[in-house]
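Let the sequences and hints guide you as you build the complete structure.
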Amino acid sequence: MPTTLQIIRLVVNDAYKADPTLFDKLREGAAKTGVLHQRYGFEVENPDQLLWMLQTIDFNQGVEPKDTVWPAAEYGDFSEALARITLDEQKVYLPFEDLPREIVVAPVTSISIFILKEGVKVEEFAKLLDPFRANFISKVPGHHASAWSVDSTNDRKIFLFAGWDSVEAHTQLSATPEVAKHRSAASALLDDAQPPKSLHVKFNS
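For what it's worth, UniProt numbering labels the leading residue of the sequence shown as 1, then goes sequentially.
The set of hints was computed from the structure by calculation and includes no laboratory data.
Keep in mind it's a predicted model, so treat the numbers as computed, not measured.
Straight line, CA to CA, 16 Å or less: simulated EDC-like cross-link-like pairs of lysine to aspartate or glutamate:
| no. | residue 1 | residue 2 |
| --- | --- | --- |
| 1 | Lys32 | Asp77 |
| 2 | Lys181 | Asp130 |
| 3 | Lys25 | Asp77 |
| 4 | Lys117 | Asp151 |
Next up, the structure:
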């Protein structure tokens, strides 16, 4: 089912570390806006970086996370509350044709980011990525499911989400000849100045 995620990436500060319930209040407030599907977790590689994933339940009526109204009377200003617990923040909206639940409930979720070269169409990259996912990645031991999306504000930026048994299950895949062959083919479409990167998150609900 088509859906849109809002991902907020936070570099948490000492205030968060001293009182994580400050973030709990933000999650509580978000739930009251209609954002009922939430997950959050720290990056395995960067334990000061928190990813907060928000999804509404009413997309068939055209409601997306950016359309929700924050209950400021009860929880104060959202931006100010967020600023109290973070040194830096980044937000992105990702529309998915389908986002299998297995991706985010897996023990580990990998998020890989690809930047296309100027002039390259998303459809060109999809012709490489989709068969590779279907014919190889989906059959790898430890893999749960995968899905990809394009940044709603940057059509050169592609996010690939995948669920795994462990970080090792994903990193071992990266060392295979099949992945090396795929990387070689994809390199003609990707921005040389911004190589692909991956991070891993253990999401909580």
